[in-house]
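Q: Residue numbers (my numbering), protein chains in the order written: chain A, 1 to 379; chain B, 380 to 770.
Don't read these hints as lab results, they were simulated from the structure. Each residue gets a CB set at the ideal place from its N, CA and C atoms; glycine is no exception. Treat the hints with care, since some could be wrong.
Claimed, not checked - Derived contacts from chain B toward chain A, CB cut-off under 10 Å, selection only:
hint : residue
1    : Asn530
2    : Ile534
3    : Ile579
4    : Met711
5    : Lys759
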Amino acid sequence: MNFDFTEEQQMVRDSIARFVQDDYDWDTRKAIVASEKGLSADNWKLFAELGWLSIPFAEEHGGFGGNIVDLSVVMEELGKGLVVEPYFPTVVLFGGLIARAGNDAQQAEWLPRVIGGDVLGGFAYVERQSRFALHDCLTTATPSGDGFVLNGEKVVVFNGEQADHLVVLARTSGEQSDRTGLSLFIVEASAAGIDKMNYPMMDGQRVANVTFKDVALPADALLGEEGNALAVVEALVDEAIIALASEAVGIMGVLNTKTLEYAKTREQFGVAIGSYQALQHRMVDTMMAYEQCKSLLFKALCEYKQEPAMAAETIHALKVLIDRNAKHVFGEAIQIHGGMGMTDELDIGHYAKRLMMINTTFGDANFHRNRFVETAFAA
Amino acid sequence: MDTAYSPEDLAFRDEVRDFFQEAYTPELRQRMRSSHKEGAEEWQRKLNDKGWVAPNWPVEFGGTGWTATQKYIYETERSLAGIPNVIPFGLVMVANVIMAYGTDEQKEYFLPRILKSEDWWCQGYSEPGSGSDLASLKTKAERDGDDFIINGAKIWTTYAQYADWIFCLVRTDNSGKKQEGITFILIDMKSEGIKVNPIISIDNHHSLNEVEFSNVRVPAKNVVGEIGKGWTVAKALLAHERTGIAGVADVKRAVRVIKEVAAKEENGGQRLVDDPGFQQRLADIEVELMALEFTELRTLAAQAAGGFPGPESSLLKIKGTELQQATQELLMEIAAYYQGVLPTDLEPDALGHEFTTEARMSYFYGRAATIYGGSNEVQKNIIAKYVLGLE
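Based on the sequences and whatever the hints tell you, model everything.
A: As structure tokens, this is what we get:
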């Protein structure tokens, strides 16, 4: 029984923490979000050089060969800095899908490029009508000659504005909500027949709605087995949820620290507001909310590391608890900061917005509570 | 113990409903969205032409003379029609103060102008250093002949960028307790030495400001109430502000909107509105809301019987703002991925859902509701002290 991080993990953590502290202060981050591309190409190159983009990938492709705990450490630290460079869409989603479903040739072609920082990727899976149901898919890929023809629309594609390549979930057979008949494709974002509508999100991300009109795909664009993509996607989503939960835990920790500091220094009625018992108890509650999330994250990490399927139930629980406790933590952070917490200038509200996006990504608390009931009460 | 509508009440309800239907045109609705100031002023003038812009004013000053039931009906119909409340700073806040404490000259000059929406008002209470601890305010007013010279700064001033007038709490005396030596004064925003600095809030919108005063000359006749007795005036006004903040009728409308949009959202074939988890959370809100509606009615009835609202307005403020935030949160969840979309030149429909921008803005701006008008923590202090007698 041990919940310690390895020396290597501690080094990765320190290296990202140092970057955030020295090179990613609040003004720098604001300038990056407001810049034309909404990300810093130099930072992305730096992330590659420092090996952060290689963490989850196998050594044979130049990866670090890390496990879920390594990924969790990276995400937690990136979260603390509200880093907007598209680590999650490119490394966790795009790279993660190729690592899981790609054949030898695809892995050899793409993973070194992801690791080297030479590709910006995304995963196009949400549709207008789909909400959180991954299998609710109207986009079609129809066999044509040696390859496929892609038609349909994906929405809110993370990193969609800057991504040069996307993995697209499309239906190769069956009806709208069938669990079979789904396939994944690697698609060049600038291919003929693709139209992107770009727009910014409240958490600083640049996303896109992407429409595909008779987009011709070669046979080797198919990623994984035709018609059986759902299992791959669901497995990837489990890992992605743990990654996002780690990011959320990082953010909640920062919010609690900042709020505590504020409460100790802000004076009203002649004393620091932190001297009021009513506020003290509330900050005790947010501290507990954070620790509980961390504990559940650790449980998910331990189980997932042993055998991903073991974590299934915990992952639903984690999504529920993170959602609820994140709202509690940032709600109190804003409230205790008072009017200052309401300003766009202060970072508190921006942490809140990122938490809200994390909450909704791959299903909110309500969605996962239902899945938890199905899994946990089934026995 | 009776809340049944009389035939007269039912006729009144129909009259209100018909008027809103006819007067709140789609063009006006659009204008409210695109230019809040022009839209609000146009609507308030229409209301004034009808004689309904200030239902809570005494008849002698231009009020409606409605019964508590009629006021309740009016408010319910307003929110059902999706019509925002009037801008409160003039019509509700400063008007009540002027009516209760103002000189005849102040009443004659300001009240008709407020009814006609000729002046846009804003509220100068909080300061950078004094938020919840309002009485610690430092903005200084020094006597100079028939004038006061004002120096200092106010913050979180809603719509100061549009304002013709600001009502302010200023310090005229430093010698006694901090609640003493505060004076309530009306300042023309066109006066020399006033600077308005915008504050962008977390809904990415500009409604808040900081207002700086450097050597601003204000006639002493603009003082409302006695010099040095502004704290009494301020407290009475805050009670009015609180009652308005509860927004029960608007929460009812939010519940209706939630049901409408949740009926259109599906997770793999199951409508969100049929999802038991979702239903339970909405039911919890509705149950609390039903109770709060009657708490508000009880307050209204008590107010109808006499004067300013008391500490029970704090209860309304706390519960009302909590419910507002609960409905705002549900609407964000319904928006799912779209909750994060920022406004662009793109058509809302091209991005997916039309309600989501409003959901995001009201969710984030809604965080302020538990902070302004005296934070909910301060409201609990008020209840503890004045209702429960805990010192």
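Q: Give a verdict on every hint.
A: Now the hints, each set against the structure:
1. Asn530: 21 Å, violated
2. Ile534: The hint holds - isoleucine 534 of chain B has a Cβ within 10 Å of chain A, the shortest such distance being about 7 Å.
3. Ile579: Holds: closest Cβ of chain A sits about 4 Å from isoleucine 579 of chain B, inside 10 Å.
4. Met711: With a closest approach of 7 Å, the methionine 711 of chain B hint holds.
5. Lys759: Check passed: Cβ of lysine 759 of chain B comes within 7 Å of chain A, closer than 10 Å.
The structure fails hint 1 only (numbered hints given earlier).
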